[in-house]
Amino acid sequence: MASSFQRRGIPVASFVEDVPTFLQQYNSDPSTALTALQEKLQQYKIAEMKLLGQKRDLQSKIPDMKKCLQIVGTLLAKRGSGEVMKMDFEVAEGIYSQAQFEDTNSVCLWLGANVMLEYTCEEAMELLTKNLDTANTSLAAMVEDLYFLRDQITTTEVTIARVFNWDVHQRRKQRSLKVDESS
Amino acid sequence: MVMRGGAKGDGVETEVTWEDQQNINLFGRINSKFHELEDEIKAKKDMAENLEDASNELILADEEEVRYQIGEVFSHMPKDEVEERLETLKEENTQELEKLNKEKEQVLAQMADLKKILYGKFNDSINLEED
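Sequences listed follow chains A and B, in order. For the first sequence, position 15 (counting from the first letter as 1) is numbered 15 according to the working numbering, and the numbering increases by one without interruption. In short: position in the second sequence from 1, add 183, done, that's the working numbering.
Hints are computed from structural coordinates only; laboratory data are not their basis. Honestly, I wouldn't trust all of these hints.
To be verified - Just the calculated beta-carbon pair ranges, DEER-fashion:
{"id": "1", "chain 1": "A", "residue 1": "89", "chain 2": "B", "residue 2": "271", "range": "21 to 31 Å"}
{"id": "2", "chain 1": "B", "residue 1": "291", "chain 2": "A", "residue 2": "97", "range": "47 to 57 Å"}
{"id": "3", "chain 1": "B", "residue 1": "221", "chain 2": "A", "residue 2": "172", "range": "35 to 45 Å"}
{"id": "4", "chain 1": "B", "residue 1": "242", "chain 2": "A", "residue 2": "117", "range": "34 to 44 Å"}
{"id": "5", "chain 1": "A", "residue 1": "130", "chain 2": "B", "residue 2": "218", "range": "30 to 40 Å"}
{"id": "6", "chain 1": "A", "residue 1": "115", "chain 2": "B", "residue 2": "206", "range": "48 to 58 Å"}
{"id": "7", "chain 1": "B", "residue 1": "222", "chain 2": "A", "residue 2": "130", "range": "19 to 29 Å"}
{"id": "8", "chain 1": "A", "residue 1": "86", "chain 2": "B", "residue 2": "267", "range": "13 to 23 Å"}
{"id": "9", "chain 1": "A", "residue 1": "10", "chain 2": "B", "residue 2": "221", "range": "22 to 32 Å"}
{"id": "10", "chain 1": "B", "residue 1": "306", "chain 2": "A", "residue 2": "64", "range": "48 to 58 Å"}
{"id": "11", "chain 1": "A", "residue 1": "7", "chain 2": "B", "residue 2": "223", "range": "20 to 30 Å"}
{"id": "12", "chain 1": "B", "residue 1": "296", "chain 2": "A", "residue 2": "111", "range": "42 to 52 Å"}
{"id": "13", "chain 1": "B", "residue 1": "271", "chain 2": "A", "residue 2": "86", "range": "14 to 24 Å"}
{"id": "14", "chain 1": "B", "residue 1": "221", "chain 2": "A", "residue 2": "7", "range": "22 to 32 Å"}
As the list claims (entries may be wrong) - With a straight-line Cα cutoff of 20 Å, these simulated EDC-like cross-link-like pairs (lysine to aspartate or glutamate) come out:
{"id": "15", "chain 1": "A", "residue 1": "50", "chain 2": "B", "residue 2": "219"}
{"id": "16", "chain 1": "A", "residue 1": "55", "chain 2": "B", "residue 2": "221"}
{"id": "17", "chain 1": "A", "residue 1": "55", "chain 2": "B", "residue 2": "222"}
{"id": "18", "chain 1": "A", "residue 1": "61", "chain 2": "B", "residue 2": "223"}
{"id": "19", "chain 1": "A", "residue 1": "61", "chain 2": "B", "residue 2": "255"}
{"id": "20", "chain 1": "A", "residue 1": "86", "chain 2": "A", "residue 2": "103"}
{"id": "21", "chain 1": "B", "residue 1": "262", "chain 2": "A", "residue 2": "83"}
{"id": "22", "chain 1": "A", "residue 1": "86", "chain 2": "B", "residue 2": "255"}
{"id": "23", "chain 1": "B", "residue 1": "228", "chain 2": "B", "residue 2": "240"}
{"id": "24", "chain 1": "B", "residue 1": "228", "chain 2": "B", "residue 2": "286"}
{"id": "25", "chain 1": "B", "residue 1": "227", "chain 2": "A", "residue 2": "64"}
{"id": "26", "chain 1": "A", "residue 1": "86", "chain 2": "B", "residue 2": "267"}
{"id": "27", "chain 1": "A", "residue 1": "66", "chain 2": "B", "residue 2": "274"}
{"id": "28", "chain 1": "B", "residue 1": "262", "chain 2": "B", "residue 2": "236"}
{"id": "29", "chain 1": "A", "residue 1": "67", "chain 2": "B", "residue 2": "275"}
{"id": "30", "chain 1": "A", "residue 1": "66", "chain 2": "B", "residue 2": "255"}
{"id": "31", "chain 1": "B", "residue 1": "216", "chain 2": "B", "residue 2": "288"}
{"id": "32", "chain 1": "A", "residue 1": "67", "chain 2": "B", "residue 2": "270"}
Bear in mind the structure is a predicted one, so any value in this text is a computation, not a measurement. A virtual CB, placed ideally from N, CA and C, is assigned to each residue, including glycine.
When you get a sec, could you build the whole thing from the sequences and use the hints?
What follows is the structure, given as structure tokens:
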């Protein structure tokens, strides 16, 4: 049976065992039921869109995090080798300048809100790895939530189709009854 | 996702059980999974091409020192180190691509099974095809 458990405040779309019994809630009027179901479906779709947007945001952040990790990783790898590193960096759009740096033990991480903090390379590595892990975990949770929403959407869609079919079927029966009577 | 009980109404009413509903839901999930996989595979294939292009260019390059982009900056690096890095990246990319392709095959097989079950029960009252 459908469990009534929720997820992120999303209610479960309960499965309808029997259409006529289900329609009793709506005074056996299929069109009222259909309107109610359509409304529910819309709500689910809005929730899905929101969640998809959040997922896209997060997904676009992950490559940035990986880039940061790569740089810190490179710095760590070169450390102690006494090698001077030459880097071209962008000062303004399309304009690059060259920087040279020898052994460095710290990097500054942009924390957001106009704050930058200096970390040792190890600490930076740790922090960035942790951030990446967190991002991956919440991404996985989001994917699960999306699957859950997908289920609710499908269930509601199927219910709509069943109510609709039941209605068509009912009308046809009535029509054939009338034809029988008149003949 | 196309999933509509047939509005054609052939007059035959098929009971939909909770089990059927679960199968239909599962199909919906797998279908969206399939599309995600397709996107990821495409991204990896593009990546593979870019890496290939980069190594080809590197072979043609005369300079001993090339600029290698890490994040936002270009690091000056000896050619062979860049070559090494590209090889590792290619290796990783190929492995990930293989993994994704395997997953896609599994997903396709699962979809085929579900289609058999669902079409078996609902015939043309259900449409599981895309567009």
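Right, here's what the structure says about each hint:
| no. | hint | result |
| --- | --- | --- |
| 1 | A:89 with B:271: 21 to 31 Å | holds (24 Å) |
| 2 | B:291 with A:97: 47 to 57 Å | holds (51 Å) |
| 3 | B:221 with A:172: 35 to 45 Å | holds (41 Å) |
| 4 | B:242 with A:117: 34 to 44 Å | holds (42 Å) |
| 5 | A:130 with B:218: 30 to 40 Å | holds (31 Å) |
| 6 | A:115 with B:206: 48 to 58 Å | holds (52 Å) |
| 7 | B:222 with A:130: 19 to 29 Å | holds (28 Å) |
| 8 | A:86 with B:267: 13 to 23 Å | holds (18 Å) |
| 9 | A:10 with B:221: 22 to 32 Å | holds (27 Å) |
| 10 | B:306 with A:64: 48 to 58 Å | holds (50 Å) |
| 11 | A:7 with B:223: 20 to 30 Å | holds (25 Å) |
| 12 | B:296 with A:111: 42 to 52 Å | holds (49 Å) |
| 13 | B:271 with A:86: 14 to 24 Å | holds (22 Å) |
| 14 | B:221 with A:7: 22 to 32 Å | holds (26 Å) |
| 15 | A:50 with B:219 | holds (18 Å) |
| 16 | A:55 with B:221 | holds (17 Å) |
| 17 | A:55 with B:222 | holds (15 Å) |
| 18 | A:61 with B:223 | holds (16 Å) |
| 19 | A:61 with B:255 | holds (14 Å) |
| 20 | A:86 with A:103 | holds (12 Å) |
| 21 | B:262 with A:83 | holds (16 Å) |
| 22 | A:86 with B:255 | holds (14 Å) |
| 23 | B:228 with B:240 | holds (18 Å) |
| 24 | B:228 with B:286 | holds (15 Å) |
| 25 | B:227 with A:64 | holds (17 Å) |
| 26 | A:86 with B:267 | holds (19 Å) |
| 27 | A:66 with B:274 | holds (18 Å) |
| 28 | B:262 with B:236 | holds (15 Å) |
| 29 | A:67 with B:275 | holds (16 Å) |
| 30 | A:66 with B:255 | holds (12 Å) |
| 31 | B:216 with B:288 | holds (12 Å) |
| 32 | A:67 with B:270 | holds (18 Å) |
Comparing the model with each numbered hint stated earlier shows that all of them hold.
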